Each structure stands twice: as structure tokens, then as C-alpha cells.
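Student: Chains as they are written, first to last, in the working numbering: chain A, 1 to 245; chain B, 1001 to 1245; chain C, 2001 to 2245; chain D, 3001 to 3245.
No lab work stands behind these hints, which were simulated from the structure alone. Treat each hint with caution, since some may be false.
[To be verified] The list that follows gives simulated cross-link-like pairs (lysine to aspartate or glutamate, DMTMM-like), each with its CA atoms no further than 20 angstroms apart:
#: 1; chain 1: C; residue 1: 2225; chain 2: B; residue 2: 1220
#: 2; chain 1: C; residue 1: 2225; chain 2: B; residue 2: 1011
#: 3; chain 1: D; residue 1: 3225; chain 2: A; residue 2: 7
#: 4; chain 1: C; residue 1: 2225; chain 2: A; residue 2: 223
#: 5; chain 1: D; residue 1: 3225; chain 2: B; residue 2: 1223
#: 6; chain 1: B; residue 1: 1225; chain 2: A; residue 2: 223
#: 7; chain 1: C; residue 1: 2225; chain 2: B; residue 2: 1064
#: 8; chain 1: B; residue 1: 1225; chain 2: C; residue 2: 2233
#: 9; chain 1: A; residue 1: 225; chain 2: D; residue 2: 3233
#: 10; chain 1: B; residue 1: 1225; chain 2: A; residue 2: 233
#: 11; chain 1: C; residue 1: 2225; chain 2: D; residue 2: 3223
#: 12; chain 1: B; residue 1: 1225; chain 2: C; residue 2: 2064
#: 13; chain 1: A; residue 1: 225; chain 2: C; residue 2: 2133
#: 14; chain 1: A; residue 1: 225; chain 2: C; residue 2: 2223
#: 15; chain 1: C; residue 1: 2225; chain 2: D; residue 2: 3233
#: 16; chain 1: B; residue 1: 1225; chain 2: C; residue 2: 2007
#: 17; chain 1: D; residue 1: 3225; chain 2: C; residue 2: 2223
#: 18; chain 1: A; residue 1: 225; chain 2: B; residue 2: 1138
#: 19; chain 1: D; residue 1: 3225; chain 2: C; residue 2: 2055
#: 20; chain 1: A; residue 1: 225; chain 2: D; residue 2: 3200
#: 21; chain 1: B; residue 1: 1225; chain 2: D; residue 2: 3055
#: 22; chain 1: D; residue 1: 3225; chain 2: B; residue 2: 1138
#: 23; chain 1: C; residue 1: 2225; chain 2: D; residue 2: 3226
#: 24; chain 1: D; residue 1: 3225; chain 2: A; residue 2: 133
#: 25; chain 1: C; residue 1: 2225; chain 2: A; residue 2: 220
Nothing here was measured: the structure is a model prediction, and the numbers come from that model.
4 protein chains.
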Amino acid sequence: MSQASWEARAEWPLAGAAILFLVVYSMQVIGQPNGTWAVILLTVIWIIWVVFLVDYAVRLYLAEHRRRWFIRNIHELLIVALPMLRPLRLLRLITLLRTLHKVGGHALRGRLVTYVIGSVAILSYVAALTVLDIERMEPGANITSMGDALWWAMATITTVGYGDFYPVTIVGRLIATALMIGGIAVLGVVTATLASWLVESVAAETTAEVESGDQALQNELAEVKEQLRLLLESNRTTTSEKTPS
Amino acid sequence: MSQASWEARAEWPLAGAAILFLVVYSMQVIGQPNGTWAVILLTVIWIIWVVFLVDYAVRLYLAEHRRRWFIRNIHELLIVALPMLRPLRLLRLITLLRTLHKVGGHALRGRLVTYVIGSVAILSYVAALTVLDIERMEPGANITSMGDALWWAMATITTVGYGDFYPVTIVGRLIATALMIGGIAVLGVVTATLASWLVESVAAETTAEVESGDQALQNELAEVKEQLRLLLESNRTTTSEKTPS
Amino acid sequence: MSQASWEARAEWPLAGAAILFLVVYSMQVIGQPNGTWAVILLTVIWIIWVVFLVDYAVRLYLAEHRRRWFIRNIHELLIVALPMLRPLRLLRLITLLRTLHKVGGHALRGRLVTYVIGSVAILSYVAALTVLDIERMEPGANITSMGDALWWAMATITTVGYGDFYPVTIVGRLIATALMIGGIAVLGVVTATLASWLVESVAAETTAEVESGDQALQNELAEVKEQLRLLLESNRTTTSEKTPS
Amino acid sequence: MSQASWEARAEWPLAGAAILFLVVYSMQVIGQPNGTWAVILLTVIWIIWVVFLVDYAVRLYLAEHRRRWFIRNIHELLIVALPMLRPLRLLRLITLLRTLHKVGGHALRGRLVTYVIGSVAILSYVAALTVLDIERMEPGANITSMGDALWWAMATITTVGYGDFYPVTIVGRLIATALMIGGIAVLGVVTATLASWLVESVAAETTAEVESGDQALQNELAEVKEQLRLLLESNRTTTSEKTPS
């Protein structure tokens, strides 16, 4: 089996594993369970980890140029190997976004808007969850509940930034920076989509005029051709009339 | 009577009821009246509620596929049934915006600008009012007067976000999120309208050139046609001269 | 003398008076002078006021339809009559912007950029000055020096809004709101100018192609015309040759 | 040797000196070394200063109109002469950006994006470094570690502005203002690039239609030319047939 066909088959199971991971991780962070529940959740997370590990190993094994693939996909190893980068496994959810892609239809702007809404929702939620997980126990931290974390994420991604909540750890700030950049991207996409729609709507009339101009030219040409046809005929008549004489 | 004709007839009375609701709700929140006044305002709010309830019931009764209409318009039931969602009745004010629509004229950008100014004004005022109503009594809240609430709304919708005032309750934060998204929309519409205007202004010259090119082509074609006409005539003359000979 | 010719003549003296007002007002607010200096500055401000009052009176006198002019220009009366609205006299500085207009050259975007830089500089400085004047004596105010006021103005017009300084009075907040709206306008103009420039640069190639297409058509038509000319000549030769025979 | 050829030769050594300055300055500010290390770093900074001084002197000497060059490049003298403006020597790093230019390829938007990412990275880092250097010892300052300074720079350039950190000195605030303006530029470029790409993608279809219209016209013209050729030939045949008769 080639690497590509494995990736095609593994795409959806891995997206499912990422969703399961998101659910279990959310329960862990928000619910902070004790006893049996904590053990169950931890077990599920370990199983998901094994799934990702197996996927990594199979893809490495199936790679045409193993060494080159290893070096180019060093980030995948880090995501699998380092527990700290666990949340990055959620990048698998991009598979879901690719499906939204199809929902958005053929129109470029429709797809873009669907992507943006999907990305913003996932990015905000995951950022809030991870920042809460990291900051909660930190002395001097102010993001200590899921409500506060979501509120902070909204104020950050819209670039409002009240400053009533903000991360204080390095990892929390790195996530916040990703969220800020996401916010600038959102502003950009919203504005650009609107601008493109406006430009097109206004330009539609202009194009219609240019096309009607082309149409007029073609009508004129048709007349010219008709006249030429008459000429040729009359010429032939002349010639044929003359020949017998 | 069909549902559509009821909706057409009920549109303006309901917009009127929404305006009345806005006025009475404002008086309640800002004035915090006691005694007789409080009773009068409460009575008016109850009457407006009955109006919205009747409208909902009639539309449900007139619906072609009642069950389907019921499921699709579940949000309308919630707005009528839950006192907490009362401010959403102000969505009826969109009817007014649709009138502004006509004020803005035929031009797409003109209408867009009118929509934005209208929406921003209504959104900011309603958000300030509702947040004040919800936050005021909350322990630890800092938005406790209409002046502060309006100031907070302005700092939020422009994405400045000083952080001197911010909501602390869940409902208040949901309203704030709506306001932030409104702010991004405002930024987007302002920028896009400007960009579209600039692109069009710059493109106007380009189009003029293309059109003058078309004009030149048409002039050439006209000359060609004239020459052909001469040819045909001269040909016919030749033929006719020859025929008698 | 007509109202229009008075306005043309009074334009520059009034802009000069506005600049003088800005200088004197700045000295008053920043320097907070005592004794003789305070008296001199106050006298100059009173003289400037008389200049604006005379201008208002003359324009009212020269108006064709005095009542209509009075109603339509009620804001001018308020600016002259209410000392609180004194800073609005600086709106006369728009005359200066109109000159910048000429500096920016014929290009639409060049002019726009010049306008924006000029407006931002004037708006920020005037807002900082006025807010300082209004807030300074207020209990609980935090904008108490010109440096802080300018810093606050920069953080506001760029929509950063740290929240280390913010106005606390109603008038101060109204000025801040104007500054925020100015900030959104700046963002919009900067982005729109860049977008328009990019769209045009990319479109330039497309237009070049369309024009080369037109050129090709014209070349073809020229050939067609040449052939027709030959035809006509050969036809005439035929006819003339035939006529003598 | 002319001034231009000196500048061409000195460009890369000076960029190297600027990078070295950045490294040494970073070590000085972040590491705050004592003893031998402090002396070494200081020595290197003095040597770099001499390099910049020599470059300035040589360019002044080689200038065609020395007085004019001196007046027009007064800012270069200030950067060399005033220790406070030392960080501005990093402007030499623009040479590096010009190289990124080439990396971005021929496409206008590709180059723009490369410029923006490069500028943002350098601007944020240098601003954080300089603000930390200036603020650290100030009483009442809150930016006292490189982590905090970088975090503050990110919150500022994205216009989020939490307000958990902010400069309190005049120089620090001037740098912050530069960073804010940089942030607005970033927002503008991101949005404009997206908008231009969207407009072009949507316009590509329109252009294709216009071009197919031109193509149709050219096909018609080709037919016309063919018919004319036939006419001319038949005419010549007629004439030649007639001549012998």
C-alpha cells in the first residue's frame, strides 16, 4: 500500500480521533474530574495518542524516501512525542474544514466565509481551552474559568483587548499571539470579501457596457459580411453573364 | 388570508410596537421609576408582549405547513416566550432599516453606508441599554450608569477596548460579543466601501480608454461599410451599363 | 457684495484666526500661564471670537434667504455662541487641508493619503488638547499632562486602547468617540488605498492585454480597408476601361 | 570613486554591522552582563559606531554637492552622533528586506507579503528590545523583562492592546507609536492583499469573457478578409478576361 492511499483511508478516522480528543480534553479541563472519571478520560487520551503514533509510524514506514520524509515532517514527530504539543493534534480538524469547503459551494467567497467562520470558532474554543489548562494553576493568573477563557478569546480575536483577562505564562502568550494573528486574518477576510463583492457588483455594469460594445461591433461586422456576400454574388453574376456573351 | 399578506399588514404595526418597546424599556432602565410610573411602563410592556404573541399565533395558524413553520421559527417562539430574550424583539427595527434602504437611494454603496450607520446606532444603543439592565445589580460589575454603558459600547464597537468598563455576567458578555462582531463588520464595510469607490474611480479612466478603443473600431467599421456601399453601387452600375450593351 | 464672494475673501483670514486660536489655546492649556501672560492670551482669544462673530453676522446679512440660511447653519451660531464649543472653530483648519489637497497632486490616492495624514495629525493634537483642558481638573481623571494626552490620543486613533489613560467626563468621552471614529476611518483609508493600488497594478496587465487585443483588431481592419481601396480602384479601372469600349 | 559605487560596496558590510549591532545590543539588554563580557560588548558597539562614522564621512567626502548632501542627510548625522538614536542604525537591516524582496518572487503580492512578515518581525523585536532598554530602570515602569516586552509588542502591533503592559517614558511611547502605525499598516496590507487576490480571481472570469468576445470579432474579421480576397481575385479575373476581348 502506498503512503497516499494510507493517508486517504486514515484521514477520517484521524479526524474522528481529533474530535474525540477535543471532547475528552474539554471534559478534563472544564470538568476537572476526580476518581474513576479521571482514569477513564486519561485512558481515552492515551488510546488516541496510540492512534496518532501508529499513523505516524505507518506513514514513516510507507514513505518513499524515509529519511527525507522524516526530516520534512519533524513537526509531526514533535506533536506525537511531546505531551505539551498535544493540542496541536487538533490541527487534524482541518479535515472537517475541508468538508465545510464543500458546503460553501463553488463560489470562492462562499468558501472563504465558511472557512473563516469554521476556523474562528475552532481557533477561539481551542485557544480558550488550552490557555485555561495552562494558566489555571499559575500564581498571578487571572484566566481561571472556562467562561473567562472564552470571553478573553472573543476580546482577543476581535482585537478589542479589554485587558480584564490576559495570559501570564509563556505558552499562554504564544497561544494568545496565534489568536491575535487569527483576529487580523478575520478582519482581513471579512473586509476583503465585502470589498470584492462591492467591486464586482459595481463592475458588473461596466462589463455589461463593454460587452454591449462588443455586441454592437459584431452586429456591424455581420452587416459588412452580408454586403460582401451580395458583392461576391453580383460579381459572379457579372462574370457569368459576361462569359456567354 | 395568507401568511404573506398578514406579514405585509403586520410589518409596520410590529415595528411601531418595537419602537414603543425601545422607548418604554429605555425609560425603565435609565429612569428606574417607582410607584405609578413603574406600573404604567410595566403594563405597556405587557401589552406589547401580547401584540407579539398574537402576531406569532396568527402566523402559526396561517402557515401552510404548520409543523415545518413551527420548527423553522423556533427562535420566534423563544423570543416571545422567554422574558430574558425580550430585547431581541427589537430585531423588528430591521423594518426601519429597510426604509433607510430607500433613503440611501439606488446606489449600492449609498445603501450600504446608510445600513451601517443605522445598524451601528441601534446596535450600540440597545447593547448599552441591555448590558446596563443586566449588569447594574451584579456584585463586582462596573457598568452601572447609562453614560458608562454608552461609553463602553463605543469603545467596544470601534475595537478600541480601553478596559475601564467591561461586562462581567454571561449574558452581558454575549451581548458584548455581538457588539464586537458588529465592530468588525463596521470596519469591514467602511474599508470595503472606500476601496470599492477608489477602485471604481481609478477604473473609470481605464474603462473610458477601452470604450474609446471600441469607438475607434466602430468608426473604422463605418468607413468600411461606406466603401462597400460605394463598391456595390459601382458594381451595379457596371452590371446595368453592361446589360444594355 | 454676495455671500459667496465674502466667503472667498474671508476664507484665509479665518483660517489664520483658527491657527492663531490653536496656538493661543495650546499655550493656555499646556503652559497654564498666570499674571500678564494669562491676560494677553485671554484678550487674543476674545479678539478671535469677535472675528468669528463678525464673519457669522456678515454672512447672515448677505444670505439670499436669511431665515433658511439661519436654520441650515444653526451649528455655526452654536459654535460662535457657546464657549464650550470653542474648539470646533478649529474646523476652519479644513481650509488648510484643502491646500494640502493641491500638494497631493492630481492622483486620487495621493490626495487621499495627504488628507488622512493631515486630518490624523490635527485631529489627534486637537483631541489631546481639548481632553486635557476638560479632564485636568476633574476628580478621578487620569489624563493630567499634555504628554499623557497625546499618548492617549495615539492609542485611541490606532484602536489599540491600552486603557492606562481614558477620559472620564461626558465631553471628554464625546471627543474620544470622535477620535475612535477617526481611527476607523484611518484604518479604512489606509487599507482601501493599498487595496486599490494593488488591484490597479494587477489589473494594469489585464488592461494591457485587452488593449493589445483592440490593437490587433484595428490592424486587421486597416488591412480590410486597404483591400477595399484596391477593389474600388480596380473596379473603377474596369468601368473606365469598359466605358470607352 | 563615486558616491554611488561606494554605497554599492558598503551596503553589505553595513548590513552585517547592523546585524552584529542587533546581536550585541540584544546580549547587552537581555543578558545585562557584568565584568569582562560587558567590556567586550561595549567595545564591539564602539567599533560598529566607528564603522558607521567612517561610512558617513566617506559618503560626505564623495558627495557631488557636499553642502546639499549634508543638509538632505542631516538625519544620518544625528543617527551617528546621538547615542540615543543608536537603534535607528538597525534601519540598515532594510538591505536584508530588499533581499527578501527577491525571495518573494516576481509577483507583486508575494513580495508585499514577504516584506510585511519581515518588517513585522524586525519591528516587533527591535521595539521590544529598545523599550525594555529604556523603560527597565524607570520608576513606575511595568515592562521589565524581555518576555514582557515581546508580549507587549505583539499586543500592540495587532492593535489588541490589553493594557497589562505599556511604556511610561516619552521615548518608549514614541517607539510604541511607531509600532501602532506598523500595526495599522499590517492590517492594511493583509486586507488589501486578500481583497486584491479575491477581486482578481473573480475578475479573471470576466476578462476571459471579454477576451473571448475579442476572439469572436477577430474570427469574423478573418472571414471578411477571406471574402475580400475572393472578390479581388474574381475581379482581377474579370478584368484580365475582359482585356483580351
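Student: Any hints this thing doesn't respect? Which numbers, in order?
Tutor: 2, 3, 7, 12, 13, 16, 18, 19, 20, 21, 22, 24
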